[in-house]
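Listed in order, the protein sequences are those of chains Y and D.
Using my numbering, read the first sequence as starting at 3 and increasing by one per residue.
Using my numbering, read the second sequence as starting at 2 and increasing by one per residue.
Derived by calculation from the structure, the hints in this document are not laboratory data.
Beta carbons: idealized from backbone N, C-alpha and C, even for Gly.
One thing to keep in mind: the hints can contain errors.
Chain Y stretches covered by chain D per the calculated footprint, using a threshold of three residues with CB under 8 Å from any CB of chain D [said to hold, decoys possible]:
| no. | region |
| --- | --- |
| 1 | 29 to 35 |
| 2 | 313 to 320 |
| 3 | 396 to 410 |
| 4 | 448 to 458 |
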Amino acid sequence: MPDVNLPVTRRRMLGIGAGIGFVAAGGLALSTGWARRPAETGEVLRSEVPLPQAFSVPLPIPPVLAPIQSTPDGERYELIQREAEAEILPGFTTRLWTYDGVFPGPTIESRRGRPVTVAHRNELPVPTVVHLHGGRTPAASDGYPTDLVLPEGWTGHDGHHMADDRAQVTNASREYGFPLDQRAAMLWYHDHRMDFTAPAIWKGLAGMHFVRDDVEDALDLPGGDHELPLMVADRAFDAEGQLAYPALDPTLTGEHGVEEPYVAGVLGDVVLVNGAPWPEHEVDTGIYRLRLLNGSNARHYEFEAVTDEGRTLPLVQIGADQGLLAAPVEHQRLPVAPAERYDLLLDFGEVPLGSGVRLVNRLGTGRTAEVMRFKAVRPGQRAPIPQTLADDLPSWDRSEAAQVRDLAFRSGRMDDGRHGWLVDGLPFDPARTDVTARLGDVEVWRLVADVHHPVHLHLVGFRILSRGGGDPLPHDAGLKDTVSLRPGESAEIITRFEGYRGRYLFHCHNAEHEDMGMMANLEIV
Amino acid sequence: MNRRSALAEPDAPPQPGTDASGWVLRGLVTAHLVAGFAQPVFAGVYLSGDFDGLAWHVIGADLVSYIGLAQIAVAAAVWIRVRRAWPFWASLALTLGATAQYLAGMEGALWLHFPLGVSLVAGIAAVFAAAWARPLPRRRKEVRADA
């Protein structure tokens with residue numbers, strides 16, 4: 003045994019120090035090289051077909067759905083959910099699940115307080131259920147994941163793995179009633195079926211829905227062909243040009259979830275805008291209103307508008323998920339999480355005719371760094387951007403809060419032992435009420451995430467009080483229904499539970515996370 | 002010699018006592034160790050869903066920063082009075098690392114924050130061990146105990 007009282011030599015001390023330093027530096031170098039910087043939650047699924055040149059196809063604008071019936075009590079629409087084929091990639095015919103044969107589905111235009119009834123008929127091979135994201139909707143029409151519309155002659159079980167006594171299952175069709183007593187906003191409707199929301203949206207079950215009101219009309223914002231709905235969504239294609247998706251059960255009727263590498267989210271390598279890959283849109287040199295929706299399952303974007311000369315045009319945000327802001331907020335770069343909507347003004351006034359402006363994604367690499375391009379082809383009308391917008395934003399104060407809740411969104415094991423995603427340690431169970439809130443109560447929710455989790459509340463809009471213990475970010479302004487939590491981040495949100503009693507949801511809007519447990523029940527009593 | 006005599010100073014009369022600056026340094030490296038080891042605890046509490054864990058993690062980060070700065074000042078005194086430079090350089094390195102760690106945490110750069118945090122705690126532990134391993138006596142001339 004060595005004599006422990008011998009002085010430690012300087013050389014030995016330096017050696018030990020160098021050893022610790024070497025290991026530490028090695029670890030840091032490994033992390034620098036290996037970790038995704040910036041962080042990205044999800045795995046890219048690579049297409050197996052040659053991808054088209056960017057900006058070679060025109061931007062499609064989804065058709066506006068005409069009502070079947072219009073009465074003093076509101077409008078009635080009919081939509082058929084059916085398989086359809088479309089040429090998404092030039093030269094390939096891709097089978098889709100659609101609302102009325104188009105992807106994105108037809109756009110519904112509505113006015114505040116004028117009720118809309120949408121009768122959906124399910125001609126798809128699987129059960130479906132429609133949720134109007136951002137809608138202030140009675141629980142019976144909110145598209146609870148087990149309120150399924152079964153296909154004609156459906157003999158399978160309900161398709162999901164859990165029993166739910168309260169489920170309202172119908173055969174072949176269902177009417178959804180939307181009172182739409184809410185601020186003017188861009189909403190979107192999409193499938194919300196238990197366990198299979200992600201592949202259903204991926205296959206095409208998503209469309210846009212606008213609510214208009216007098217507050218918005220008074221501002222005289224760009225309209226008509228100067229207001230562009232933009233649903234940005236990534237997809238991947240197999241060797242035949244069909245949509246590729248790593249579902250455990252490709253028929254989407256049995257086992258839910260995705261193959262192991264994609265458990266954190268499925269990212270495509272093709273960026274679609276309104277269903278077209280990296281499209282181009284001809285504009286004049288006026289101001290355009292972009293109604294931007296990230297309809298991707300898991301991909302986050304950081305948008306920047308860059309001219310052909312390399313200059314950044316400001317993205318002037320005038321609205322959030324739940325309608326107009328009080329005042330515009332200017333962004334050089336705008337991060338947008340799945341399911342978030344941003345109402346933006348983009349001024350092409352300084353863009354030379356024949357020149358263009360690319361909408362790029364600063365979080366993307368390679369092809370996913372591009373989104374679309376605007377090409378200035380005509381002179382347009384300049385107009386000032388209003389400096390005050392809406393004055394009807396709710397203002398809730400912490401001191402009013404009847405409840406403060408901490409909710410953790412993180413990975414874990416589901417009941418069957420598989421890897422999944424949990425809210426406060428538990429995977430979704432329709433039979434368990436996770437949060438009970440009283441109608442009319444103001445509550446503060448403190449949400450904590452391990453990786454990226456865009457957290458969405460049904461029924462209500464909320465305001466973001468703080469992020470990461472500090473002030474909210476500039477793009478957190480206004481009334482939201484989805485808050486994007488980044489890795490290790492937290493946010494405090496405040497809302498008043500108004501509108502209707504009943505069973506609602508809150509969940510992560512990374513659609514794969516949602517299917518794999520990260521959803522919880524919100525009972526309004 | 003047995004292990005006890007190597008660790009207990011009173012049993013080793015030839016070794017002079019630790020200087021006051023050395024005792025202050027030992028106090029600070031001990032506080033540094035406690036604060037450093039508490040940081041991953043707060044982080045774990047936070048990521049487990051307790052929002053207050055984040056506030057504690059920030060308080061801990063501030064504390065580690067202040068201790069680090071104080072340690073640099075005291076280590077400078079040790080350099081002068083004990084004629085040992087390593088506490089100064091080690092404290093400086095830890096504080097620079099802790100500053101980077103603070104910024105990485107604020108930026109949400111977890112790829113840096115996690116491994117750097119582990120390295121810093123290892124460094125804090127190493128400095129703690131070194132400060133308590135040998136006496137830090139006052140020396141008026143250059144005397145090298147390990148020469």
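For each hint, the structure was consulted:
no. : hint       : result
1   : 29 to 35   : holds (count 5)
2   : 313 to 320 : violated (count 0)
3   : 396 to 410 : holds (count 3)
4   : 448 to 458 : holds (count 3)
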